[in-house]
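For the record, the sequence lines run as chains A and B. So in the working numbering, spot 207 of the first sequence is number 207, and the numbers just go up one at a time. So in the working numbering, spot 157 of the second sequence is number 157, and the numbers just go up one at a time.
For the record, the hints were derived by calculation from the structure and aren't laboratory data. Just so it is clear, CB atoms sit at the ideal spot from N, CA and C, and this is done for glycine as well. Be careful, since some hints might not be right.
Unchecked claim - Which bits of chain B does chain A cover? Going by a derived footprint, with three or more residues having C-beta under 8 Å, they are:
| id | stretch |
| --- | --- |
| 1 | 23–35 |
| 2 | 73–85 |
| 3 | 216–225 |
| 4 | 303–310 |
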Amino acid sequence: MLKVEDLTVRADAVELVREVSFEIAPGERVGLIGESGSGKSLTALSLMGLLPEGVTAAGRATLDGRDLVGVPEGRLKRLRGRDLSMVFQEPMTALNPLMRIGAQVAEVMTLHGRGRQEARARALDLLERVRLPEPAHIARAYPHQLSGGQRQRVMLAIALANEPELLICDEPTTALDVTVQKQMLDLIAEVAPALLFITHDLAVVASVCERVLVMYGGRVVESGPIREVFTRPRHRYTEGLLAASKLTPRGTRLPTIKGSVPAAGHFPGGCVFRNRCPHATPECETAPALTGDGHAHACWHPAD
Amino acid sequence: MTLYLVKRLAVLLASIAVAGVVVFAFMALLPGDPAEIALGVNATPDAVAQLRRQFGTDRPAVVQFFDWFGGLVQGDFGTSYVTSSPVGPQISDRLGVTAVLVLGGMVVALVIAVPLGTFAAVHHRNPLGAVISAVSQAGIAVPAFLAGILLVFVFAVQAQALPSGGYVPFAESPGEWLRSLLLPWLSLGLVQGAVLTRYVRSAVLDVMREDYLRTARAKGRGSTGALWRHGLPNAAIPVVTVLGLQLATLLVGAVVVERVFVIPGLGDLLLNGVAGRDLLLVQGVVMVLVAAVLLINFVVDVTYHLLDPRLR
């Protein structure tokens, strides 16, 4: 359904995302994990055609055969909010402070051809569907009268309004209290048609997704079913990431990945992880390809 | 909202009362006795005392104040010591002219600033946006009276298209009325428009970075549609503040522009009053101007509450 081939994102001469390819089947829930600066948000924004000014995407991405990259804005905006939609990280600022919630939910429907009356009525159903109490009351409220968790549910209602084929969530629970994170994740997993879920949190990805893509330095370094990737990581970066997130016995040092993530444009040539990798050899100066069916990795010296 | 309105109205009335005290006190502190001025240097003390009694200026200041302010509340501005004619009708005749002048200037400023400022914000990365910024910067540096003189030179002297001054009442000839006001409106509005353009630009630039604009685009709005529906209403909030401040400056600017274009407005009346030492007239005009500024602030505050639900 969603097919991404060799997606590359650039800001001027700096490559921020390089040759990312993946697919999402109907109904499939795919996680995209990586540290900040790994290019996961840019990947999502380029699918929506919402890259910031001065940042451009190249390559090919299609949703049911319709192109998403390199398409004029006029054609793309008819897909946005209807066939694919997105929930952003920061719920506190994502809604227009001057508009009532009901109107903001209805807007996404009237924009895509639904009648005003019908959109208003359906907005209430949607607010109920994302489990907001007293939908009629919420619909009349302004964003500042709602909590962060409630606002994120409103964003989810907006995203689901036109029954899109694909829902993209960019760290939707990062800004929320831990107590409401779980409810939000369960809700997303329940209502999402097909899902691209972006996070840096391994536990979150494990609870929501079936398949995972691990990004580092703007590339997908490993991909596969959650269970396999998390129990038998092949790429050395994934291995380090998992080790760093495990609970260690009291008194032992926390395992870390040595060094820190380089700034954009300062990743080494060849394998992007080689300057931090304990297994790097001269061979790693040549970029490894993402190989393997199902569980794939881009590493010359994979763990086994 | 109703409670807020009541509270704000009480503040407005209290401010007008305080303003009345201040205006009256300043006038009372000015040297010069109206009776002495009216009778000249050769008057006998008896004649002066008699005229004082007639004017009522022999009474204590507090009594005079309440007499004057009590009259104001009923629309009576007193009778001029100099011309012996009531002050109120003179002011109300002129107030309409100045109001039309100021509001017209504001409309010109808005018509210039909203589209240009928005355009400059949207195109802030390319040369055209920078040109608008530079031109508005130059416009700010020009005082209204200079703009007026330049406009007269171009449109009245060179092109002979519009009158260089004078005022034709609307009732006499609507067409001539419009022609007589065009240049004054432009000279007030161009400069204010230049100032406002910069505020609109920065307000729009700020909202363009807001997340809710991205949300609007994610819903399927084009970037222009998102800016129009979600950006501009939010940008209006800071612009309304500046607009209120500018209306006050425009009132002051009108005093000068009325002189340049020979328009019988409040400013003209005020300057005449000062020249003729007509204390009560000056006092009345200043009071009306102060009240107008307070009223504008009141309207701005109420507009805020209408625009922004977070304040309700």
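Each hint, compared with the structure:
| no. | hint | result |
| --- | --- | --- |
| 1 | 23–35 | violated (count 0) |
| 2 | 73–85 | violated (count 0) |
| 3 | 216–225 | holds (count 8) |
| 4 | 303–310 | holds (count 4) |
Hint compliance for this structure: hints 1 and 2 are broken, all remaining hints hold.
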